[in-house]
Each structure stands twice: as structure tokens, then as C-alpha cells.
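Engineer: If you want the building blocks of each chain, they are given just below.
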Amino acid sequence: MTFEVPKYRLKDLVDKPTYFTGGHRLCAGCAAGSMARQVTMAFNKPTMIFNSTGCLEVASTIYPFSAWEVPWLHVAFENSAAVASGVEAAIKAMTRKGTYTAGKTDIVVFGGDGGTYDIGIQAISGAFERGHDLLYILYDNGAYMNTGIQRSGGTPFSASTTTSPAGSVIPGKSQFRKPITDIMIAHRIPFVATAAPAYPADLVAKVRAGLDVEGPAFMHIDASCNRGQRFDPAKSIEYVKMAVETCLHPLYTVIEGEYKLSRPSERIAKDPSRKIPLVEFLKKEGRWRHLFRPTERTDLIEKFQAEVDKRWEELLAKTGF
Amino acid sequence: MTRIAVTGDDAVALAAKAVNPDVVAAYPITPQTIIVERFADFVADGEVDTEFVTVESEHSAMSACVGASSAGARVFTSTASAGLMLMYEIVFIAASSRTPIVMALANRAISGPINIHGEMTDQMLLRDSGWISLFCEDNQEAHDQTIMAFKIGEHPDVLLPVAVGLDGFILSHAIEGIIPVSRDKAQMFLEGERKADLKLDTTKPLSIGLLHLQDYYMEARAQIKDAQVDAKRIILEVFDEWEKLTGRKYKPIESYMMEDAEYAFITMGSSAGNARTTVDELRARGEKVGLIKIRIYRPFWGEKIVELCKNLKGLISIERAHSFGGPGAILSQDIKSCLYGSGVSPLLAEYTIGLGGRDTLIGDYHRMYERAKAAFTEGKNLPISWMGVRE
Chain A
1 MTFEVPKYRL KDLVDKPTYF TGGHRLCAGC AAGSMARQVT MAFNKPTMIF NSTGCLEVAS
61 TIYPFSAWEV PWLHVAFENS AAVASGVEAA IKAMTRKGTY TAGKTDIVVF GGDGGTYDIG
121 IQAISGAFER GHDLLYILYD NGAYMNTGIQ RSGGTPFSAS TTTSPAGSVI PGKSQFRKPI
181 TDIMIAHRIP FVATAAPAYP ADLVAKVRAG LDVEGPAFMH IDASCNRGQR FDPAKSIEYV
241 KMAVETCLHP LYTVIEGEYK LSRPSERIAK DPSRKIPLVE FLKKEGRWRH LFRPTERTDL
301 IEKFQAEVDK RWEELLAKTG F
Chain B
1 MTRIAVTGDD AVALAAKAVN PDVVAAYPIT PQTIIVERFA DFVADGEVDT EFVTVESEHS
61 AMSACVGASS AGARVFTSTA SAGLMLMYEI VFIAASSRTP IVMALANRAI SGPINIHGEM
121 TDQMLLRDSG WISLFCEDNQ EAHDQTIMAF KIGEHPDVLL PVAVGLDGFI LSHAIEGIIP
181 VSRDKAQMFL EGERKADLKL DTTKPLSIGL LHLQDYYMEA RAQIKDAQVD AKRIILEVFD
241 EWEKLTGRKY KPIESYMMED AEYAFITMGS SAGNARTTVD ELRARGEKVG LIKIRIYRPF
301 WGEKIVELCK NLKGLISIER AHSFGGPGAI LSQDIKSCLY GSGVSPLLAE YTIGLGGRDT
361 LIGDYHRMYE RAKAAFTEGK NLPISWMGVR E
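Protein chains in written order, with the numbering used here: chain A, 1 to 321; chain B, 1 to 391.
Calculated from the structure, these hints are not laboratory results. Heads up, a few of these hints could be off.
As the list claims (entries may be wrong) - Computed list of lysine to aspartate or glutamate pairs in EDC-like fashion (alpha-carbon distance at most 20 Å, straight line):
(1) B:Lys-288 with B:Glu-378
(2) A:Lys-260 with A:Glu-4
(3) A:Lys-92 with B:Asp-45
(4) B:Lys-380 with B:Glu-370
(5) A:Lys-92 with B:Glu-378
(6) A:Lys-92 with B:Asp-201
(7) B:Lys-313 with B:Asp-260
(8) A:Lys-104 with B:Asp-201
(9) A:Lys-318 with A:Glu-307
(10) A:Lys-283 with A:Asp-309
(11) B:Lys-204 with A:Glu-69
(12) A:Lys-235 with A:Glu-280
(13) A:Lys-303 with A:Glu-280
(14) A:Lys-45 with B:Asp-201
(15) A:Lys-104 with B:Asp-49
(16) B:Lys-199 with A:Glu-69
(17) A:Lys-97 with B:Glu-193
(18) A:Lys-92 with B:Asp-260
(19) A:Lys-97 with B:Asp-201
(20) A:Lys-92 with B:Glu-47
Please put together the full structure from these sequences, using the hints given.
Structural biologist: This is how it looks when you write it as C-alpha cells:
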């Protein structure tokens with residue numbers, strides 16, 4: 001491996017400028033806001049942001065206000081990877097002609113789970129195949145939260161949403177979520193990572209690595225939504241951490257095809273007693289309330305746990321554990 | 001410069017080569033594919049400085065174009081029919097983002113049933129999008145108008161995307177002689193690279209594409225409305241400059257044998273060729289007939305059409321398009337709208353012709369004329385009918 005993720009400590013972040021200002025209209029406790037702020041801490045050169053339609057876009061740029069202090073463009077929901085492709089191409093051509101003089105410019109794309117797992121996957125796949133030099137960040141809150149909590153390809157198993165409601169016959173979403181990170185890894189792009197805003201030093205370092213690598217990079221960041229996942233806004237970072245500790249959202253990198261667990265997940269790999277049973281996490285969030293009342297749906301909880309275990313074991317095998 | 005024999009698609013590709021855009025993002029679809037194939041040759045042979053983004057869909061093509069144009073790049077793309085349909089969401093955003101993208105459209109029938117041949121309905125649906133919309137009668141016009149489109153769209157008083165339509169197969173694949181414009185001439189005409197004032201600029205961070213709610217949306221849309229009005233002035237200036245550069249004279253609405261005409265055809269694109277020949281033949285028989293050719297569909301020069309219709313007894317509207325359930329076809333609705341209340345009201349015959357590339361020959365134009373004239377003589381309009389359709 002020729003390329004490594006830089007090592008940051010939390011105190012390294014203290015002096016880093018951020019380019020996502022207060023005054024945006026994201027909900028109290030929204031982890032997407034924490035995620036966005038942390039991402040901008042990794043910026044160290046001219047940078048542009050491309051944002052798919054979604055909560056982050058809507059809440060950060062209600063005309064005539066903007067929370068962004070770097071060039072920012074929103075075009076539509078499903079096409080941010082294509083929009084960024086065009087900009088990357090423009091910068092190349094204009095740099096050759098001498099009409100673009102800012103030099104090397106980092107390109108960040110933000111898409112939610114709807115914009116990434118579902119409607120935007122074609123544009124992302126195309127951009128990755130063509131090899132554009134950009135970092136695509138999936139901030140995943142597990143449903144179409146902006147339109148009112150509809151299920152997406154990223155909604156976890158058995159979660160209740162407004163289009164996969166927990167009914168008297170069907171108990172929430174019937175499917176497991178699409179293995180989006182595996183799909184992106186399969187594109188053989190040079191850098192793929194998962195992260196969570198509960199681990200800011202890890203997240204910022206991975207963003208920096210994703211921007212520094214030549215070619216396409218992808219990050220899957222878990223960003224909880226207390227409104228849609230139904231929990232106390234004060235708990236958003238705590239529950240993102242729990243998703244890592246249950247191995248529902250393990251943290252790792254895949255650089256040039258080489259898998260490596262990041263510290264929080266590596267600790268669990270080395271000491272499996274640290275792995276929190278999924279049921280503890282499910283109990284915390286209202287989207288799984290129907291798994292516990294009126295009666296506990298042990299069958300579904302076990303099925304969900306088995307799938308999480310399977311995917312975790314697969315990851316362990318790939319990372320050499 | 002010497003004349004060369006090329007297809008309409010080649011004529012457009014050569015225009016794009018002369019312009020040397022920063023970014024071309026395109027996806028294959030018949031009958032425009034030759035444009036991007038030829039352009040890919042220019043890229044592969046190092047004859048242009050363009051980044052050619054071979055996107056995975058037309059939706060991404062238009063998206064990449066909006067992105068590139070927002071970064072200040074000069075941008076070109078090309079598509080047709082279903083490709084344009086897939087782009088439509090972003091087509092509207094291209095206008096509201098004020099990105100002066102130039103898009104050649106080899107006009108093709110819309111599915112279904114699937115058909116790959118000529119029809120203008122695809123581009124005419126751009127009507128309400130904010131795009132400047134031009135149509136071409138022949139390959140020279142396709143070449144010239146592609147270059148002029150950049151100058152029109154990029155003008156700071158316009159800043160709107162421009163569509164240049166050439167009839168699928170009838171122009172796109174037909175070989176005609178054109179006098180191509182050289183790279184030097186095109187660059188001189190465009191005054192060098194694009195100068196974008198507002199763009200993605202890391203030294204002056206700007207947010208573009210913000211949410212406009214009830215308090216600002218109408219104002220944002222009104223700016224497009226105003227730009228369409230201003231575009232009329234700029235288009236006339238650009239046509240004047242083109243005439244100075246090439247000697248070729250262009251007008252938004254062209255007229256032929258209209259001075260003493262009692263009846264006239266009004267049409268767009270390659271149909272004007274057959275209409276003109278029919279006018280010549282009818283004139284030889286002593287019929288007082290002329291032709292109005294609409295080159296620019298948006299912005300619509302209604303006032304000019306009214307002026308040309310002032311002394312007409314009857315007007316015959318002919319178009320390769322239709323609006324199901326509408327009060328006429330698409331162009332004929334516009335014509336009726338601009339005549340209403342103008343004090344000029346010739347009798348009107350409305351025809352839809354040649355959908356899906358069906359031939360409409362000179363004889364058909366004679367038949368349309370005779371049938372219209374018979375109605376006009378009885379003081380009647382001829383409501384919309386589809387020429388030659390089997391019942």
C-alpha cells in the first residue's frame with residue numbers, strides 16, 4: 001500500500017477552520033450538521049461542494065442565506081456525481097487553457113441515502129467508472145427524512161418508516177439494506193471508507209485521505225436523524241457510536257483494494273466482548289418500538305442480529321481477522 | 001473558404017470544433033450520434049482542447065453540462081428525442097441556473113411507438129423551459145447557428161442555454177455543401193474564451209442552486225422571462241455580426257415572396273425548403289403565394305409574424321409536431337396567439353405533417369395549398385389536420 005490515511009488526534013482539530021457556519025436550519029441534534037462541519041475541517045486547499053437535494057441542501061441554503069463558505073452548487077437530487085464530473089472536467093480543461101488559475105481543487109459531493117442507494121446510484125457508478133477525481137460522501141440517516149421518513153434502500157431491516165410502517169401484519173421494512181459500500185468497492189476505486197461523526201478525528205482524517213487520493217473516493221458516513229429514527233435529540237452522537245459498537249456500521253477503509261479496520265472497530269475485532277448486542281441499540285430508537293411491544297419480536301431481532309453478524313464476519317475475513 | 005460536402009451532424013461537429021469548448025458531455029442516441037462520434041475523433045486526434053465526458057446517460061450529460069457551465073466553462077452537448085426527454089428535469093434547471101450551454105438536437109420523434117426519424121416535437125417541448133430555441137433549414141444553417149448559439153447564450157444580458165435543432169435524418173444524415181467557419185474566425189467572433197461573471201470561484205465563494213420558497217421563487221423565474229425579452233435584441237446583434245464575418249444574412253423570421261402575397265405558408269426547419277420550392281412552382285402558375293420561415297421559436301417574434309400577415313387572405317401553418325387534445329398543433333397555437341387582438345386576422349389552415357419522418361413531398365405541399373385555398377375562398381378556416389395519415 002502506497003497511500004495511508006493521515007493520523008489526527010482530537011486536539012489537532014481544535015484549530016482547524018470550518019466552512020459550514022451556524023445559522024443553518026437543520027433540526028436540533030441533527031448528526032448531518034455535525035458530519036458536514038467535521039468534513040470541512042479536512043479542507044486545506046481550494047475546495048468546492050456539490051450537494052444533492054435533501055435535508056442538508058434544503059436546510060443550509062434557503063435563499064437568500066447560505067451556510068457554506070466555500071463554492072457550493074445544488075442542481076438536483078439524483079445527479080450530484082454527474083454535476084461534479086462536469087466541474088472536474090471543466091477545471092481540467094480551463095486549467096490547460098489558463099482560464100482557471102486556482103490550481104488543484106478538491107471536490108466534495110454530499111448525497112443522502114435516498115440520493116445514493118436509490119435515485120443517484122447510476123450517476124455515481126458512471127462517475128466512478130470514468131475515474132473523476134472527487135470524494136463522494138454518503139451521509140446516511142436511513143430513510144428519506146427530508147420528505148417525511150420514507151424507506152430507502154439504506155433503511156435498516158424492520159425499521160418503521162412512513163412507507164414501511166409497522167402494521168399489524170407487516171412489521172416495518174422487510175428487506176436488509178443494500179450493501180452500498182460493497183457496491184462502491186466493487187468499482188475498484190482507490191479509496192473507500194466508512195465513518196461516523198462520533199469519531200471526529202477518524203472522520204476528518206478519512207476525508208483528507210479521500211481528497212488527497214488520485215481518482216474517485218467514497219465515504220459512507222452514518223448520520224443519525226432523531227426526528228426520523230425517533231429518539232431524544234441529545235442522543236444523536238451517542239447512537240451513531242452505538243451503531244459502530246454493534247457492528248451495524250463498522251468503521252474501515254479500503255485503499256487500493258486493501259481492507260483495514262479503523263480503531264473503534266478494530267478494538268471489537270480484537271476483543272469481541274466489546275461488541276454490543278444489536279437488541280440494545282434497537283431498544284433505543286422509536287423506529288424499532290414495534291419489535292418490543294406489545295410483545296417482543298425475538299424472531300425478527302434474531303434475524304437482524306444474524307445478518308449483522310454475517311456481514312461483520314465477512315468484513316473480518318477481508319481485514320485479516 | 002472552399003465548400004465541403006458533409007452531413008448535418010458533421011456540420012454541427014465542425015462548428016463545435018471551431019468553437020473548441022471547454023467541456024462536451026454527451027451520450028449516444030440516433031440521429032445525433034455522428035456529432036459526438038466526430039467530436040470524439042477531434043478529441044482523440046488532439047484537434048480540440050476539450051474535456052469530453054462520456055457520461056452514462058443523457059440525464060448525467062445535462063447535469064455535467066450544468067456543473068461545468070457553473071464553473072465558467074464553455075459547454076456543448078447534443079441529443080435527440082428520448083435523450084432530451086431523460087434530460088428534461090435538468091433542462092429546466094439549466095435555464096434557471098443561467099448556464100449558457102449549447103445543445104444541438106437532431107430532432108426525432110418521441111416514443112411510443114419507438115421511431116428514430118425526424119419530428120420536432122422533442123425540441124418544441126422546450127417551449128416553456130427558458131431555453132432559446134433555434135431551428136435550421138439546411139446544413140449551412142446548422143453549422144452557422146451552432147456557433148452563433150454560444151455568442152447569444154453567453155451574452156451577459158441573456159445567460160440562457162440555447163438549443164439548435166436540425167431535422168433528424170433529413171438534415172442530420174443528408175450530405176450538403178457547406179462553407180465551414182475556421183477556428184480563427186470562430187474565436188474572433190466569440191471574442192476568445194467565455195467570460196463568466198458569476199461562477200464557482202474558490203476566491204469568491206458563491207452558493208448556487210438555493211431553495212427559493214414562496215418569497216423568492218417568482219422573482220427568480222421572472223429573471224428568465226426578462227432574459228428571453230432581452231435575448232431578442234442580442235440575437236439581432238449577433239446575426240449582424242455574423243453577416244459581417246461571413247456575408248451570410250440571418251433573420252429570426254424570414255420571408256420569401258411575401259411582398260404581394262395573398263396566401264403564405266408558415267413553417268420551421270427543413271420543411272421550409274419544400275415550401276419554398278412549392279412557392280416557386282405556384283408563382284409560375286400565377287398564384288400570389290409566399291413563405292414565412294420561423295428560425296427562432298423561443299423567444300417568439302410574434303410581432304414580426306403579425307406584420308408579415310398584414311395583407312394576407314390566408315395563412316397555412318405546417319409543422320412536424322402535434323399537441324394531443326390541444327387547440328391546434330404546437331406552432332399553430334403560437335401563431336393564433338400572436339394574431340389574436342393584433343387586428344390582423346388572415347384565415348388559417350393548420351397542418352401537422354411528417355411525424356416519425358414520414359416524407360412530405362412537393363406534391364403534398366401543393367395539395368395542402370389547394371385544399372386550404374378552397375376553404376379560404378369560401379371564407380373558412382381549415383382546422384388542424386394530419387397530412388396524409390391513413391384513417
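Engineer: The structure should be examined with respect to each hint, and the outcome stated for every one.
Structural biologist: Results for each hint:
{"no.": "1", "hint": "B:Lys-288 with B:Glu-378", "in the structure": "holds (17 Å)"}
{"no.": "2", "hint": "A:Lys-260 with A:Glu-4", "in the structure": "holds (11 Å)"}
{"no.": "3", "hint": "A:Lys-92 with B:Asp-45", "in the structure": "holds (18 Å)"}
{"no.": "4", "hint": "B:Lys-380 with B:Glu-370", "in the structure": "holds (13 Å)"}
{"no.": "5", "hint": "A:Lys-92 with B:Glu-378", "in the structure": "violated (66 Å)"}
{"no.": "6", "hint": "A:Lys-92 with B:Asp-201", "in the structure": "holds (14 Å)"}
{"no.": "7", "hint": "B:Lys-313 with B:Asp-260", "in the structure": "holds (11 Å)"}
{"no.": "8", "hint": "A:Lys-104 with B:Asp-201", "in the structure": "holds (13 Å)"}
{"no.": "9", "hint": "A:Lys-318 with A:Glu-307", "in the structure": "holds (17 Å)"}
{"no.": "10", "hint": "A:Lys-283 with A:Asp-309", "in the structure": "holds (18 Å)"}
{"no.": "11", "hint": "B:Lys-204 with A:Glu-69", "in the structure": "holds (9 Å)"}
{"no.": "12", "hint": "A:Lys-235 with A:Glu-280", "in the structure": "holds (14 Å)"}
{"no.": "13", "hint": "A:Lys-303 with A:Glu-280", "in the structure": "holds (15 Å)"}
{"no.": "14", "hint": "A:Lys-45 with B:Asp-201", "in the structure": "holds (13 Å)"}
{"no.": "15", "hint": "A:Lys-104 with B:Asp-49", "in the structure": "holds (19 Å)"}
{"no.": "16", "hint": "B:Lys-199 with A:Glu-69", "in the structure": "holds (14 Å)"}
{"no.": "17", "hint": "A:Lys-97 with B:Glu-193", "in the structure": "holds (9 Å)"}
{"no.": "18", "hint": "A:Lys-92 with B:Asp-260", "in the structure": "violated (57 Å)"}
{"no.": "19", "hint": "A:Lys-97 with B:Asp-201", "in the structure": "holds (16 Å)"}
{"no.": "20", "hint": "A:Lys-92 with B:Glu-47", "in the structure": "holds (17 Å)"}
Violated hints, listed in ascending order, are 5, 18; each of the other numbered hints is respected by the structure.
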